[in-house]
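**Q** Spelled out from the first residue to the last, the chains are:
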Amino acid sequence: MISVIDTIELIKSVFLILSSIFVVLSAIGIIRYKDDLERVLYARIHILGVADVACIIALLVLGEPLLAASYFIFAPFASHAIANAYYYGEEKND
Amino acid sequence: MNVVMRIFYFIAYFIVLVIAILRSAFDVALRTVNGKVEPVVVEIETVLKRPVSQTILANSITLTPGTLSIDLDSENCIIKVATIVPRERDDIIPFEPYIKGMLE
Chain A
1 MISVIDTIEL IKSVFLILSS IFVVLSAIGI IRYKDDLERV LYARIHILGV
51 ADVACIIALL VLGEPLLAAS YFIFAPFASH AIANAYYYGE EKND
Chain B
1 MNVVMRIFYF IAYFIVLVIA ILRSAFDVAL RTVNGKVEPV VVEIETVLKR
51 PVSQTILANS ITLTPGTLSI DLDSENCIIK VATIVPRERD DIIPFEPYIK
101 GMLE
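Residue numbers (this note's numbering), protein chains in the order written: chain A, 1 to 94; chain B, 1 to 104.
Heads up, a few of these hints could be off.
In silico SDA-like cross-links for lysine to any residue, where the CA-CA straight-line distance does not exceed 20 Å [unchecked claim]:
| no. | chain 1 | residue 1 | chain 2 | residue 2 |
| --- | --- | --- | --- | --- |
| 1 | A | K34 | B | G35 |
| 2 | B | K36 | A | I82 |
| 3 | B | K80 | A | E38 |
| 4 | B | K36 | A | A27 |
| 5 | B | K80 | A | V40 |
| 6 | B | K36 | A | D36 |
| 7 | B | K80 | B | I92 |
| 8 | B | K100 | B | L17 |
| 9 | B | K36 | A | L37 |
| 10 | B | K80 | A | Y87 |
| 11 | B | K36 | A | V24 |
| 12 | B | K80 | A | F77 |
| 13 | B | K49 | B | D71 |
| 14 | A | K12 | B | V18 |
| 15 | B | K36 | A | D35 |
| 16 | A | K34 | B | V85 |
| 17 | B | K36 | A | I31 |
| 18 | A | K34 | B | V40 |
| 19 | B | K100 | B | I11 |
| 20 | B | K80 | A | Y86 |
| 21 | A | K12 | A | E64 |
| 22 | A | K34 | A | I82 |
| 23 | B | K80 | A | A78 |
No wet-lab data here; the hints were simulated from the structure.
Small disclaimer: the values here were computed from a predicted structure and weren't measured.
Work the whole structure out from these sequences, hints included.
**A** Listed below in structure tokens is the structure:
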């Protein structure tokens, strides 16, 4: 007979496995797409977004809701800054 | 608009945002495996007027994997968005009416 605590642990484990699969897939995606693809930097930032989601899920499961909330709010600023700098720097280089 | 409706719109916005994030996370994770990736930069117009709601919209776009806001023209209400494949406007911002109800 499975008790309530065991069920909660099971659900937590499922979410942790899901987030680890996300991290592995995003690592594969980062090294997979080479520079011959056009505008490859945007594709890499999109794929890193998957790692962000995995991080938020893992922090929520591990019992750090404040850290997850601050990550949820502040993580987009970094990728936005990279994309903005690339978009306006690219015109100057060409 | 009274406070109760705003709180209702906030909860609805949060639920829609979380569903969009999870769905597109699975979508992008699948695209890293099968290789169907074609990054494009599009300009979308928004109906939001206040800068704070435009900022929240741009932040939500970046938080969703597969879409990424590059620049925000606050006066002309235009957001430059990079998407991983060419997409419709309503697929990029499904949470826009909720932000409009929440803050405008």
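**Q** Indicate, hint by hint, whether the structure satisfies it.
**A** Now for the hints, and whether the structure bears them out:
Distance hint between K34 (chain A) and G35 (chain B) is fulfilled; the C-alpha atoms sit about 12 Å from each other, no more than 20 Å. Pair hint K36 (chain B) plus I82 (chain A) does not hold up; C-alpha atoms about 23 Å apart against a cutoff of 20 Å. With a CA separation close to 18 Å, the supplied pair K80 (chain B) and E38 (chain A) stays within the 20 Å bound. The suggested pairing of K36 (chain B) with A27 (chain A) holds, with an alpha-carbon distance near 17 Å, which does not exceed 20 Å.
Between the alpha carbons of K80 (chain B) and V40 (chain A) the distance comes to roughly 17 Å, so the proposed pair stays at or under 20 Å and holds. Distance check on the hinted pair: K36 (chain B) and D36 (chain A) sit about 15 Å apart at the alpha-carbon level, within 20 Å; holds. Distance restraint check for K80 (chain B) and I92 (chain B): the Cα-Cα separation of roughly 12 Å lies within the 20 Å cut-off, and the hinted pair is therefore satisfied. Of the supplied pair hints, the one linking K100 (chain B) and L17 (chain B) holds, its CA atoms being roughly 14 Å apart against a limit of 20 Å.
Only pairs whose Cα atoms come within 20 Å are accepted, and K36 (chain B) paired with L37 (chain A) is accepted, the gap being roughly 11 Å. At roughly 10 Å between alpha-carbon atoms, K80 (chain B) and Y87 (chain A) fall within 20 Å of each other, so this suggested pair holds. With a CA separation close to 18 Å, the supplied pair K36 (chain B) and V24 (chain A) stays within the 20 Å bound. Note on K80 (chain B) and F77 (chain A): the hinted pairing holds, with a Cα-Cα distance of about 15 Å set against a maximum of 20 Å.
For the given pair, K49 (chain B) sits about 16 Å from D71 (chain B) by alpha-carbon distance, which is consistent with the 20 Å threshold. Taking the CA atoms of K12 (chain A) and V18 (chain B), the gap is about 18 Å. The hint holds against a cut of 20 Å. Taking the CA atoms of K36 (chain B) and D35 (chain A), the gap is about 16 Å. The hint holds against a cut of 20 Å. Distance hint between K34 (chain A) and V85 (chain B) is fulfilled; the C-alpha atoms sit about 17 Å from each other, no more than 20 Å.
The suggested pairing of K36 (chain B) with I31 (chain A) holds, with an alpha-carbon distance near 15 Å, which does not exceed 20 Å. Of the supplied pair hints, the one linking K34 (chain A) and V40 (chain B) holds, its CA atoms being roughly 17 Å apart against a limit of 20 Å. Distance check on the hinted pair: K100 (chain B) and I11 (chain B) sit about 13 Å apart at the alpha-carbon level, within 20 Å; holds. Restraint check: the Cα-Cα separation between K80 (chain B) and Y86 (chain A) comes to about 13 Å, which is no more than 20 Å; the hinted pair holds.
For the suggested pair K12 (chain A) and E64 (chain A), the alpha carbons sit about 13 Å apart, so the restraint of at most 20 Å is met. The straight-line distance between the Cα atoms of K34 (chain A) and I82 (chain A) is roughly 18 Å, inside the 20 Å bound, and the hint therefore holds. Note on K80 (chain B) and A78 (chain A): the hinted pairing holds, with a Cα-Cα distance of about 16 Å set against a maximum of 20 Å.
Hint 2 from the list above is the single one not met by this structure.
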